[in-house]
Structure formats: C-alpha cells, structure tokens
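Heads up: the protein sequence lines correspond to chains A and B, in order.
Sequential numbering of the first sequence, starting at 0, is according to our numbering.
Sequential numbering of the second sequence, starting at 4, is according to our numbering.
Because the hints were derived from the structure by calculation, they are not lab data.
Hints are supplied without guarantee of correctness; some may be wrong.
Unchecked claim - Cβ pair distances, simulated, as ranges:
no., chain 1, residue 1, chain 2, residue 2, range
1, B, Thr5, A, Val9, 23 to 29 Å
2, A, Pro8, B, Ser307, 55 to 61 Å
3, A, Thr127, B, Arg283, 28 to 34 Å
4, A, His134, B, Phe311, 46 to 52 Å
5, B, Pro286, A, Pro82, 56 to 62 Å
6, B, Gly25, A, Val155, 45 to 51 Å
7, B, Gly329, A, Pro8, 46 to 52 Å
8, A, Val9, B, Asp204, 37 to 43 Å
9, A, Val88, B, Asp65, 38 to 44 Å
10, A, Val124, B, Ala62, 23 to 29 Å
Said to hold, decoys possible - One-sided and incomplete, this derived list gives chain B residues near chain A with beta-carbon spacing under 10 Å:
no., residue
11, Ala101
12, Arg106
13, Val234
14, Arg237
Stated by the list, open to error - Just a sample of chain B residues kept apart from chain A, beta carbon distances all over 10 Å, derived:
no., residue
15, Tyr9
16, Gly25
17, Ile105
18, Asn193
19, Arg223
Predicted model only: the values in this text are computed from it and were never measured.
Don't be surprised by glycine CBs; every beta carbon is placed ideally from N, CA and C.
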Amino acid sequence: MQFVVNGQPVDVECDLRTSLLDLLRDHLHLTGTKKGCNQGACGACTVLVGGDRINACLALAVQMEGREITTIEGLGTAAALHPLQRAFVEHDGFQCGYCTPGQICSAVGMLAELERGVPSHVTPVLTTAQLALTHDELRERMSGNLCRCGAYNGIVEAIAEFHEETP
Amino acid sequence: MTPFTYARAADVADAVRHAAAGAGTKFLGGGTNLVDLMRETVERPTALVDVSGLSAAIAEDDDGGLRIDAAVRNTAIAEHRAVRERYPVLSRAILAGASAQIRNMATLGGNLLQRTRCTYFFDNEGSRCNKRSPGQGCDAIGGFNRNHAILGASSACVATHPSDMAVALAALDAIVHLSAATGERSVSINALHRLPEDRPDIETALAAGELITGVELPARELYAHSTYRKVRDRSSYAFALVSVAAALAVTDGVVSDVRIALGGVAPKPWRAWKAEGALRGGPATSDAFLAAIDAELADASPLSHNAFKVDLARRTVVAVLDELNGASA
C-alpha cells in the first residue's frame, strides 16, 4: 500500500485489517499519534488526511491508499516547534501529554474548517459567512478531543491565541 | 477482527456486482461504525466493497429539490449552502451528531445504515442480544435501559436508532434511492427502517446486496423554516436522549403545515404522524402543541429506567414548535 505521510512517499506491506492508526504507529514507527480508546470516542488518534481531521483508529489503512496524511511529526519537531505546540507549552495546554498530538492535529483541521465557513452546533445563524471563533465555538469544535487530565482551559487559551496571532 | 477481502468499487454497477457475489459482503462507507463493530467481532464480513469513493455530489433538481449522493461526507452536507438555507434542520441535525472528526469521515449512506449503540448489542462476549444473535434474548429489557426506546419497540428488542441526520431526513420526507444488480428503486425514508417486531436483526427494507446511492430532498418552502434540537447527557459529542426535528408554517395563527420527527426514542427515526395530524389546520399555540404531542405519546411504553423520556419528549417538542412559531410571527 502506498501513501504520502508527512510529505514523504511510503510503500508498506500490511494486513487488510490494519487501521490507519496501527499503520502509522507499528509499521511507520510514527508514535506521536496516540491510541486512546481505539473506538472513535477520545480523539487521541486524530490526524489530517488531505487536510481534513479524522480518527485514525476508525479508518482502515487500505481505504486511505494514495492519500496525503499529516501527523504531529509532520507539523513540528522538538527543534522546530509548530506555533501551536509552543502555545500549548506556554498555556499549560497539557499535563500528561497523551492527548496533545491529537488536540494539535485537530486544532489545525478545525481552523481550516472555520476558514472554509463550516458552521457548528453552536453557530447561532447557519448562513453566517464570516465565523468568529468565540469561546463557545472553540469548545464545541474541539469536543471530539478528550483530555483526561482536564487541561481544557489551557488548551482553549493556546488555540485561541494561535488563531488570533495567525494572519 | 476476522479476515476479509477488500475491493474498491469503480462505480455503482461495479459495487452491486461485487455485492451480488456473496452473502458475507458488506459495503464500506466512512467506516466509523462498521470498522468499530468489526473490531468487536459483532460484524464479521468476509468481503468489503468500499463505496466511499463513489459519487459525492450534491446537485440541485430542476424543480428546486436537492439530490445528495451516498458518498457525501456528513460535514459536506452540513456546510452546503443550499442545505443551510433551505433545509436548516438537516445541517443542524448533522452538526449535533458525533464529533467533527467523525463527521469528516461518515458518509450519507453509512449514516443511514449505522447500527444501534445499545451496549448489550456491542457486548458480544457477555450479553444476550436478539439483534446481534437472533433468538438469544435481550438483556436490555430487564437491564440498564435508560437510553432505550419508548415507542415502536418489541419484546425482542428495545434498542434505538442512533442517527441525528436520519431524524431530519424523516421530517423532510426524503426519498432514498437504491441500486442492486437487478435494478433500481426508491423508498421513502420513513419506509427505509423497519420496526423490530420479532426480527430485530432485520433493520431496513433493503434487499441483500442493495446499495443506497443517494437521497432526494423535495422542494418545499416549509422546510426552510425548520430546526433540530437534541437533548443529551453532555452538551456535545453524545447520543440523543431525545431529539426533535421540526418544520412549521403558520398562517394567521393557524398551522398550515407541519413536520415533526423524533430521535432517541424509537428503533427508527420516529415520524410523529399523529401529532402532525392533530396540529394541521388548528391553532398555533403552546396548548395545541402539547395536546398534539400527547396524542403521539399516548402509545409510549417506557421501560424501567426511561420513563423520563416521555416528559422530555413532550417538553422538547413544545419548545421547538414554540421557537419556530415565534420566529415565524
């Protein structure tokens, strides 16, 4: 099976039952993407496929053949942090850090949706063209990512600051 | 997960040809429910036919209706300009369901055919379930049934249909297009899902190997004046305890047209025909709304832990109709 992962073409032999999550972690050794619930309830495995955020645990790898996949390793490195990673550090957006890669990939996907004008459950007027990232909008749009440590206040502050500072 | 073969369908004809070949074949959409159930070995297909790459078009009909093809992702439906403007209940219902990640994966066809989230259905090793293992019995009836059905259930099964989107489609009188190796046909959304009776394992009117290819939303001014309200244990990312999809048209204080469908209360999206019949042509008042939903819920038979759903459904329907009535004044 062939994919483009973090900009690099990869060719992997794996069982048809392999999820995208297990492909990334066990076959490509990209262990930044985390396995939390493995049933689509926690968001720890969130990655970007063609720019859209999805749960890697619910996708069969074979379904994603030929697609462009971005994981946390493709967003930033320890030496060159993504600005969102820096914001998470500055705002204490984590304690144990297990949900953090999923939170950050999800936030990148979420901001692209906002930019595109995708409404949310809390958007008051569905036909609004210019959506503002209010506190309620941010919390609703990130509700697919759970944080068992309860670092939500820091997570919300980090994403809000990154969004405000991004032109 | 048990082993399976995998084929990517090139088009609808290719998909239904594959499906006609074997009884163990399942169509695969976004995978958000099927892959999970396969991991739990509740589903054990021997062959998957991937239909997630088939047409994902949303097209305007000549008469002003909308045709949504089966592989359209939930997000793409919810954000579509014509859906937001002319069928707001559908955008609202989709946005109230699951998480953004799941909505980016889930397809229209897969959403309609998703299985119940009854925990006994998922508990392959430890629980009896007539839907999963016909004839085994139902552990939900005497068990923890707070989330289960108050309408349309049977002594064999009390599970609810989990979709939000399907509840909106039920209110919108959507037409579901089907394709099989033997030909094409259409069914009303309200005839797609069946009640459990003594065969809760048979959930829809689909024949073996039949594929949902899309839905058609009729053009009606009424639908532009519609909304969806979902009541759940937490304010996001949870299944409905009760949900209400409704559209309302009021002329000079009289209900000229109305659609009401309920989610979270029945084995299928529950179109409230009795309530609609009671309202049409009568006064658009809170008292009339309450009397109408009481007529619908006269048939309710709550279980040991979910009697609260009857009152919750009453109050939610009245609140939604009041909201639509206020906005139309």
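| said: I'd like to know which numbered hints this structure contradicts. Please list them from smallest to largest. | reply: Violated hints: 4, 7, 9, 13, 15 and 17; rest satisfied.
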